[in-house]
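Using the sequences provided together with the hints, build the complete structure.
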Amino acid sequence: MSATRHVDVAIVGAGPAGLAAGVAARQEGARSVVVFERDWEPGGILQQCIHPGFGLHTFGEELTGPEYVHRYVTRAREAGVEFDLNTMVFQLDKPAPKDGDKDDEDENENKVEKNVTFWTMRPERGIERIEAKSLVLAMGCRERPAGALGIAGSRPSGVYTAGTAQRFVNMEGLMPGTKVAIMGTGDIGLIMARRMLLEGADVVGVFEIMPWVSGLRRNIAQCLDDFGIPYYLNHSVRELRGRGRLEGVGVVEVGPDRRPIPGSEQFVACDTLLLAVGLIPENELSRMAGIEIEPLTGGPVVNEFMQTSEACVFAAGNVVVVYDLVDFVSRQGERAGTYAARYALGRLEKTKREFKVVPGNNIRILSPQILTGEDDVTVYLRVGTPVEGKCRLYAEPGLFSQNLRYARPGEMNEIKLSASKLKSLAPDVTSVTIGLEIL
Amino acid sequence: MRRSAVSDDRDYDVIVIGAGISGGTIARELSRYTLRTAVLERAWDIPYGASRANSSMIHGGFDDKPGTEKARFCPEGNRMYRTLHEELDFKYRNCGSYVCAIGPEEERHLELLLGYGKANGVSGVEIVSGDRLRSREPNASLEITAALWSPTAAIVNNFEASLAFIDNARANGVDLFMETEVTGLLFSEDGSRMRGVSTKRGDFNGKVVVNAAGVNSDLISRMAGDDSFTILPTKGEYFIFDKSVGHMVDSFFFSCPSEKGKGVTVARTADENLLIGPTSVVQDDRENRNTTQPGLEEVFDGASRLVPNIPRNMAITNFAGVRANSKNGDFHIKALDRPRGFVNVAGIKSPGFTSAPAIAVHVVDMIKESLGDLVKFEPNPKFTPERRHMPRFSELPMEERERLAKTDPRWGQIVCRCESVTEAQVVEAIRRGARTVSGVKLWVRPGTGRCQGGFCAPRVVEILARELGVSPLEITRHGEDSYMLTGETKERERL
Numbered sequence: 001m002s003a004t005r006h007v008d009v010a011i012v013g014a015g016p017a018g019l020a021a022g023v024a025a026r027q028e029g030a031r032s033v034v035v036f037e038r039d040w041e042p043g044g045i046l047q048q049c050i051h052p053g054f055g056l057h058t059f060g061e062e063l064t065g066p067e068y069v070h071r072y073v074t075r076a077r078e079a080g081v082e083f084d085l086n087t088m089v090f091q092l093d094k095p096a097p098k099d100g101d102k103d104d105e106d107e108n109e110n111k112v113e114k115n116v117t118f119w120t121m122r123p124e125r126g127i128e129r130i131e132a133k134s135l136v137l138a139m140g141c142r143e144r145p146a147g148a149l150g151i152a153g154s155r156p157s158g159v160y161t162a163g164t165a166q167r168f169v170n171m172e173g174l175m176p177g178t179k180v181a182i183m184g185t186g187d188i189g190l191i192m193a194r195r196m197l198l199e200g201a202d203v204v205g206v207f208e209i210m211p212w213v214s215g216l217r218r219n220i221a222q223c224l225d226d227f228g229i230p231y232y233l234n235h236s237v238r239e240l241r242g243r244g245r246l247e248g249v250g251v252v253e254v255g256p257d258r259r260p261i262p263g264s265e266q267f268v269a270c271d272t273l274l275l276a277v278g279l280i281p282e283n284e285l286s287r288m289a290g291i292e293i294e295p296l297t298g299g300p301v302v303n304e305f306m307q308t309s310e311a312c313v314f315a316a317g318n319v320v321v322v323y324d325l326v327d328f329v330s331r332q333g334e335r336a337g338t339y340a341a342r343y344a345l346g347r348l349e350k351t352k353r354e355f356k357v358v359p360g361n362n363i364r365i366l367s368p369q370i371l372t373g374e375d376d377v378t379v380y381l382r383v384g385t386p387v388e389g390k391c392r393l394y395a396e397p398g399l400f401s402q403n404l405r406y407a408r409p410g411e412m413n414e415i416k417l418s419a420s421k422l423k424s425l426a427p428d429v430t431s432v433t434i435g436l437e438i439l
Numbered sequence: 001m002r003r004s005a006v007s008d009d010r011d012y013d014v015i016v017i018g019a020g021i022s023g024g025t026i027a028r029e030l031s032r033y034t035l036r037t038a039v040l041e042r043a044w045d046i047p048y049g050a051s052r053a054n055s056s057m058i059h060g061g062f063d064d065k066p067g068t069e070k071a072r073f074c075p076e077g078n079r080m081y082r083t084l085h086e087e088l089d090f091k092y093r094n095c096g097s098y099v100c101a102i103g104p105e106e107e108r109h110l111e112l113l114l115g116y117g118k119a120n121g122v123s124g125v126e127i128v129s130g131d132r133l134r135s136r137e138p139n140a141s142l143e144i145t146a147a148l149w150s151p152t153a154a155i156v157n158n159f160e161a162s163l164a165f166i167d168n169a170r171a172n173g174v175d176l177f178m179e180t181e182v183t184g185l186l187f188s189e190d191g192s193r194m195r196g197v198s199t200k201r202g203d204f205n206g207k208v209v210v211n212a213a214g215v216n217s218d219l220i221s222r223m224a225g226d227d228s229f230t231i232l233p234t235k236g237e238y239f240i241f242d243k244s245v246g247h248m249v250d251s252f253f254f255s256c257p258s259e260k261g262k263g264v265t266v267a268r269t270a271d272e273n274l275l276i277g278p279t280s281v282v283q284d285d286r287e288n289r290n291t292t293q294p295g296l297e298e299v300f301d302g303a304s305r306l307v308p309n310i311p312r313n314m315a316i317t318n319f320a321g322v323r324a325n326s327k328n329g330d331f332h333i334k335a336l337d338r339p340r341g342f343v344n345v346a347g348i349k350s351p352g353f354t355s356a357p358a359i360a361v362h363v364v365d366m367i368k369e370s371l372g373d374l375v376k377f378e379p380n381p382k383f384t385p386e387r388r389h390m391p392r393f394s395e396l397p398m399e400e401r402e403r404l405a406k407t408d409p410r411w412g413q414i415v416c417r418c419e420s421v422t423e424a425q426v427v428e429a430i431r432r433g434a435r436t437v438s439g440v441k442l443w444v445r446p447g448t449g450r451c452q453g454g455f456c457a458p459r460v461v462e463i464l465a466r467e468l469g470v471s472p473l474e475i476t477r478h479g480e481d482s483y484m485l486t487g488e489t490k491e492r493e494r495l
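Top line first, the protein sequences correspond to chains A and B. For the first sequence, the residue numbers in the numbering used here are 1 to 439. For the second sequence, the residue numbers in the numbering used here are 1 to 495.
These are computed hints drawn from the structure, not numbers from a lab. Incorrect hints may appear among the rest.
Unchecked claim - Some chain B residues well away from chain A (every beta-carbon gap over 10 Å; in silico):
no., residue
1, Arg36
2, Gly246
3, Asn313
4, Ile333
5, Leu374
What the hints assert, rightly or not - Derived Cβ-Cβ restraints for the label pairs, each shown as a range:
no., chain 1, residue 1, chain 2, residue 2, range
6, B, Glu87, A, Asp257, 20 to 26 Å
7, B, Leu468, A, Phe59, 56 to 62 Å
8, A, Asp257, B, Gly202, 54 to 60 Å
Said to hold, decoys possible - Calculated lysine to aspartate or glutamate pairs in the EDC-like style (CA-CA distance at most 16 Å, straight line):
no., chain 1, residue 1, chain 2, residue 2
9, A, Lys179, B, Glu488
10, B, Lys243, A, Glu172
11, B, Lys406, A, Glu128
12, B, Lys490, A, Glu172
13, B, Lys406, A, Glu124
14, B, Lys490, A, Asp202
Each residue gets a CB set at the ideal place from its N, CA and C atoms; glycine is no exception.
Laid out in structure tokens, this is it:
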């Protein structure tokens, strides 16, 4: 086994979160900043997102996925970020006290520094053990497969997640089907409905089990409505038919309890079913390292430094919570990179106060879940059920209040909280409640 | 599996119809001799029928009434697997099993099974209290009042095991023909003896024909004029769950059996997934392996009676198998008097997978004794009982991974993230006969993990196309018209 390699800030994943973290870590003064990426190219999933709509917040213009990510790759290379490409991080050890510190248990707990060690593999170099002063998890997310949905029937070919289909079409130039049904209204599914249609496929419909869409409204307008692709709310795919290739799907209408309405079954002929039924943060490595995962977001519990339950491990992007816009991902990546660098340089003190951010009325998920009051912060959140009318988003006690014209689960909301306000809260306040009320 | 080159010479001593666990174990037993043996399989991938979709259980042998064929072969099969898994290198875990009783009536049934176990020569079987069970298996239901513990029960990777027997048989000289469905039998002029079989790929001459055609074995038997048994195709549906919940149980959990079968079981597979099922529904259709919403509900409810709180959202897929249940419920293993040379190995339903190696030894002895005048049994001097599966990268120690990656960079290229499968394993699976996306999955597991092929499917298609020297458009999921892709994009067409 080769000797251990030492780096200051290690980053797992060269998608938008990892790239932004790399740039920020270098700017903050970390010497060796290395991004480990399993693909041959940096960029992550944005490489296959060839449609426009990226970067409106960050660059003030509309870019395609590859254009957006190219700008960050250029920035990262200019900033001196190193890339280990075609390199898979396959094991992350639970951070343990550094050698020599082990006997210091009696001393102040704050002083016990921990190492992050992990293992990488790449074809030409084999296996390597890396030791980093801090680590940023930026592995992104993966698509929810069909299995958990309990779709019955046969097991034909032609059932893909929307992202797999996107890879076939945009990266390999291969068509996964000719007559397409789509299950779920996740953004990738909407994008692929349009993409398949433009490539000459027949898109027979989009079926959403909920009474509302889960993707962005603008994608409903630009990808479905503009192309005359029908979508059906309160509908679900329950059955696959076809022995070899998919021949069609059994679709049912569901009632308010999400159970099928008897007699509503219909057969929809198609040779392809694309699944756009949700994204799951990819936290296998985080779990290996014993990092606390929040069941609702599926990502690590973080504070406003994007620091996880292990002080030396930070996380950013869709591995933490699935965001709507890449601009949010880049912003959070930057934050994680900045603080990971400070930690590596010994400039991140253990904080004195901690506030737990509690989801209140009609809030389904939020991140970060812990605040220290040491920095201004944006809390990202999703509401549980849509409110189509005037409503008020608030953070109590008395931190934030904003009236909204609507609030929808498919469109993330942001709450900006200032450090000074948090710091001035009474000493007995230990939590902040965020909620939405109808006006 | 790759088709053996079809030579003009299709003269065989023994033809085995079906390459499931029965055909595979018999082929391997036959390969101990210098016989010319052919195995004919109608599917594209092995295993395909009931050997593919079952509980992958190696039963202790206490379920079956003493005196039946099942009671005769199951305990012996169980003993054989204890060494076979090492010899043939397939995954095997001696997990033990519990038959769980809820209430006094079911407890009485445990007494009956205990008696069967003793009569069938199964060692170590005992009845334990519900509390004792829960002290070993904390997730077992509080409702369970007693359980029958069988320490010799085990679980295997049934894909690996099925492939291992046929792989070893081939290495020892047996010819395998895939996509070769038998359409008729050939007899001597007076009809007294077997002469061979006709298939969709032409005729094969053979003096002895072993019918191990699983769910279709009664149809083949009728071609030989024997209608002494009937197969009742019996569908069983299953759920398989993510490895992160596999630890919910250590051993194999049975419900108390009813007239419907052994009931729903809960198990941790040899690969650490949680497996629940099956249902048991007799149907006319021999091919219908569709799961159904009511069936899946029944599985989940049945499993929850044994182990409550199985998280449904951690299911990674569901599947169904059709078992070759014979009408009288027992195995049907017999050589016909007329035509001589025809041997039925039929009705090999649960505990068929367990019994198969013992049945195979018996079948070969039977051929030796009663048909020795037709085919000559001489020891195969080149017979090698051992074979190796390709290294399982995810289970190797770090040093071994390092060593492999240095010998061939494809050992350092991960194709499937969920199961940590490398390109080298995929290439080796194709070299040993996998030709479809499912075929590769059966050999080395890409696509069996939590993403269900979302990440690896495009890569497996690419590697299959490259290694087989065909266009990606020709790659199928499981043969026939199960194409993965339907064409090229406009841009690629222009290029």
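Tested hints:
no. : hint                               : verdict
1   : Arg36                              : holds, 34 Å
2   : Gly246                             : holds, 14 Å
3   : Asn313                             : violated, 5 Å
4   : Ile333                             : holds, 31 Å
5   : Leu374                             : holds, 39 Å
6   : Glu87(B) to Asp257(A): 20 to 26 Å  : violated, 54 Å
7   : Leu468(B) to Phe59(A): 56 to 62 Å  : violated, 45 Å
8   : Asp257(A) to Gly202(B): 54 to 60 Å : holds, 58 Å
9   : Lys179(A) to Glu488(B)             : holds, 14 Å
10  : Lys243(B) to Glu172(A)             : violated, 31 Å
11  : Lys406(B) to Glu128(A)             : holds, 12 Å
12  : Lys490(B) to Glu172(A)             : holds, 12 Å
13  : Lys406(B) to Glu124(A)             : holds, 8 Å
14  : Lys490(B) to Asp202(A)             : holds, 15 Å
In summary, the structure is inconsistent with hints 3, 6, 7 and 10 from the numbered list given earlier, while agreeing with the others.
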